[in-house]
Structures are given as C-alpha cells and as structure tokens.
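So the sequence lines, in the order shown, correspond to chains A and B.
For the first sequence, the numbering used here begins at 1 and goes up steadily by one.
For the second sequence, the numbering used here begins at 1 and goes up steadily by one.
Mixed in with the good hints there might be a few duds.
For chains that are exact copies, the list does not tell them apart, and a pair is met inside one copy or across any two.
[What the hints assert, rightly or not] Straight-line C-alpha distance at most 25 Å; calculated SDA-like pairs for lysine to any residue:
(1) K252 x V304
(2) K170 x G104
(3) K41 x P226
(4) K41 x V151
(5) K161 x N15
(6) K252 x Q233
Worth flagging that the hints you see were computed from the coordinates, not collected in a lab.
There are 2 protein chains.
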Amino acid sequence: MTNFELFNYISGELNQVEEQLLNNIHSDLPVLESASAHLVKAGGKRLRPAFALLSAKLFSDSVQDVIPLATALELIHMATLVHDDVIDNSSLRRGQETVKSGWGNRMSIYAGNFVFANALLLVESYHRSDIVDVLADTSMRICEGEIQQMVSCYDTQQGLKDYLRRIERKTALLIAVSCQLGAMAMNAAPREITALKRYGYYLGMAFQVTDDILDFTASEEVLGKPVGSDIRQGVITLPSIYAIKFDQRGQKLKTLLSSPDSCRQRAEEIIDIIVQSDGIAYAYQVTNKYADLAIRQLQLLPDVPVRKALADLACFISGRDY
Amino acid sequence: MTNFELFNYISGELNQVEEQLLNNIHSDLPVLESASAHLVKAGGKRLRPAFALLSAKLFSDSVQDVIPLATALELIHMATLVHDDVIDNSSLRRGQETVKSGWGNRMSIYAGNFVFANALLLVESYHRSDIVDVLADTSMRICEGEIQQMVSCYDTQQGLKDYLRRIERKTALLIAVSCQLGAMAMNAAPREITALKRYGYYLGMAFQVTDDILDFTASEEVLGKPVGSDIRQGVITLPSIYAIKFDQRGQKLKTLLSSPDSCRQRAEEIIDIIVQSDGIAYAYQVTNKYADLAIRQLQLLPDVPVRKALADLACFISGRDY
C-alpha cells in the first residue's frame, strides 16, 4: 500500500467532503470568502475527514451521515493552521516573515475564527451535545498544545515527556477525536468508540513522530518545505532531545539549539549532528511502539476489510514493511 | 439613574459571574492562565452578562441558572477583544504598535481561542442545541463584522448603510443575543424571546453610535483612551460620514480621511471639522431613534420593575433626560 491506497475505500465520500468544504465557507464579504477559499484550495491530505469516514465504515458501508462531521473536522484543522501562520512581533523584528498569505495577520485571525464558527454550525446540525462537548474540549486542549510548542522553542531542557505531551495536543488529539466522532456518529458501542479514539491517538502520535523525523531526513520535494525547518525555528523534536542527552556532541548541540541565531545560521551543522546520532533510529522505535499500540486497539472492532486497512495504515505511517 | 444603577438588580449575580470568569480559564500552562487572567482582570462593564441576567429577571427573581451563560457571553466578548488587539504586519511597518499585552501576537490568538473554547464548554453544559446554534451563528457574523471594520478603514465612500451594518455585527449582535439567550434559558415564550432579542439589537445599535460620538466629544479620562482614536486609526463612523456628505468642508474632510498619514498627523484638524459640523447632532438623532425602537419592544414583556429599568437604560444610553 503506497500513497494511502486506503483512501480508495472512501474516495467518493472524500470528494463530497471537498465540495462541502467550499460550500461551508460562504460569506457576503468577498475578501473573507476568497481568504477562506484559498485555505481550502491549499489542499492537504484531508487526514481527519478520512479517519472519521474510515472509522464510520467499520460499522456500515453507508456513511453519508458522517460527511458534515468530516467536513467540520477539516475546517477545525484549517482554522488552527491559519492561526499558526500568524507572525509574532518579535519574530518580525528578527526579520523573519513566515506568513505566506497576502492577507496579513488580522485577516488570518478572522478567517480562522470564521472557519471555526462554520465548523461549529455544521457540527451543531447533528443536535448531539456529546459531539459538541468533545469538540469544545478538544479545541481548548489543542490551543494549550500550540502554546506549549511556542514556549518550548529553544528550550533544550525539555525531556521526552514534554515532547510527547506537546505532540499529543498538537496532532494526536484531533486525529483521536476524528476516529471517536466517526464512531459516535454511527452510534457504535461505547467500547468500540473508546477503541477507535485510542487507535486514533496512538496513530496520531506515530504520525507526528514520523513527521518530525522526516524534517531531518526527507528531501525538500517530499516535504514541500525546506529540510530542517523545525530546527531553524527552534522547534526541538524527539531526535534532538535524544541526541542532546546521549550523543557525545550533546553538550555542543544543546548550546547551538538554545540560541535563535545559531538555529538559523548553523542549521546544517545542527542537522548533521542529529542525523549522525542515534536520535533518528530511536525516534523510529517510538513510532513503531505507537503503531503497535494502535493496531492492538483494532482487535476490539468489527472484523471487516476496513479494519485490515486501518492496521496497514499504522504500519505504513511507522515506516514498516508488512 | 447614573452609572448603571440598574445593575443593582443583579449585583449579586454579577459578582458570581466575576468569580466564574476566573474559574473558567484555568489551565495547567502558567503562561496561558496568566494571559487569560490578565484579560479577565482588565475589567470592562460586563454589559453582556448584565443584559442576559436582566432579561432573565423579567421572568423570575431567581436567575441562578443563567450565571454560566452570562459568564460565557463575557468570555466570548473577551476573546474577540484580544483578537482585535493583534497587530498586522502592515500596521507594524508603519511604526504603530497597538498591542498592549506583553505576550505578543501569537499568544493573543491562542489566549482568545482558549477563552472562546472555554465559553463553548460552559454553554454546552446546558445541553441545549438551540443555544449553541445561536452562538455559533453569532460568532460567524461577529467575525464578518470585524473584517468589515478592517476593510472599511480610510474608505470615505462608505455610506450610512455600510456603517450600520458594520456596527450591527461589531456590537449590536452580541448584545441582542445576550438578551435573547437570557430569555431562552428561562424558557420564555417565543414572542418574548424575539422582543428581547430586538430590544438588545436596538439598544446595542444606540450604544455603539453613542460610543462613536463619545470618541469625538468625551475627555480622555472618561474614555480611558485618547480622544479621536477612531480617526487616528482610519475608522470612519457616523459623524464623519454625515460631515463628508453634508458639511461645506466635506470634500476636504474626505481627502484627509482617506490617507493613513493625514489621519494620524492631522487628527485634531479632522476632529475639529467634524465637531463643528452637524454630524454629532445627527448621530444623536440616530441613537434616539434606536432607543425608541428598543423601548417599544418592551411592551411585549412582563410588566415588572426590571422592565422599567430596561427602558431607563435605553434613555440613559441615548443621552436623554427621563
């Protein structure tokens, strides 16, 4: 299975989500509509809708009812992305300009809020307070994760636990919730809902650790952004944490990573140290562990073809042969 | 009635709201908690909670059930304020720095999102999808209003309609919804809910027009911000729109208001022209008209002492003797 063949199970539904994304950002204000449409058209893997739909498919072939929910999950994800794009005064002062859109900071905020409010309206159409509850709680915790990421930049004291907690909120939570809500919308049994939530959580963790590895090892073409962009921004991920602690050049690495200037100017040197350490191999072990945990959850779920596909996906994400 | 004596009806409940505001922004992240607490402690008139509570008081003396809702309404208002504080690249480039907080742009966004998500959780505790629905829809429209305000800066072509539509979304909507939801939480009859929503809408319009007048006429002490701060930021309000159209110096005013530089450097000259025109008197007529409309809605509501107080408030806001 390459390139998410898994998505074939739900390609029709994903096309509908794509249509619904555009339908649900309508505004009478042309500038708002075009900014929001730009967000939608910027693409993305639509992972969160896919997880909601695949989870639902475990319980029935007909998952039409999950389309609005799947759309809402992607809108929420998009809202967080556009807010993450806003530049800070301080980073601007250092001469960095990372916002790609031509709309500026304030428009990015309002477009994010607008998209989020539209997601809320979509979810509200289910008249299910359990679903709204899960999403409100998740939004709050994602927000905490974004702040954790912000305040932990250049912090070379952070350990494995800090890192895991941060990526949990940054990535794993919304994927867990996507799986959970897909099952809830199909009125699955509580133990099945919990199993899917955990599957999504572990898979989300594996996914983010892999993503953080790729920032060191993949080519710019594969990533769609410069190699080492985490390092350049002072974002310290698992391979760095491992290398600081266990590599013989750990102390030097620690010094380099704690300064914004050296992170930017000596990024390649930093990347070399990490790639030559055992940090990457260790991070792969972690993704493997999470993938195993994800797969184990699937035993509690209906034995239909999608279940096998979900297991394959966990293997794919952790980079294993299967 | 000076200084909102009206609030005496609900002083106990407002104290509870004050406590709840702080209780509902708890986070394990100290930086997030302190930024959010700073927002709460910055104060404000707590108008939106007051309107929800007063509306509820029309139907029963015991309005305990409305406390979480009233708290949520203020949290939503605070979230929009902190997002409005974020500076744009462009305004920074022009050398303006308007963000007062010491936390920077990104923290302001995340704190706003966090506070909003907490409001959502509070509202969700009612398990009333009609209430969540109203709030989701309102958030979307408030957002549109903020963008309208942003794109209409320095736009001297805008007319009365543009202005009214903008302040409707900026201010009147959330006040209307505060009144509406106060009644909904008390399970008032549909016609009573509608009457209160309209009362809040008209009162909110009167309130914002008055606020826009005060930006020209009040002292810095009363305002808590520099006189003419709208003009300096290129925000064109009713007195300006009137003066551009009808004053003999209208054309000159138009030229001055259409340039960010002259708005900043020649603000006092601009203010003089507007204050000497009939724009202020015209704006007072408009607030009076809205206050009348607000008062008229009250006829459909229970004849209890709070009703008289709500009528007094409308007079107070429109600056009339009564």
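Problem set entry | Violated hints, by number in ascending order, as checked against the structure | Those not satisfied are hints 1 and 5.
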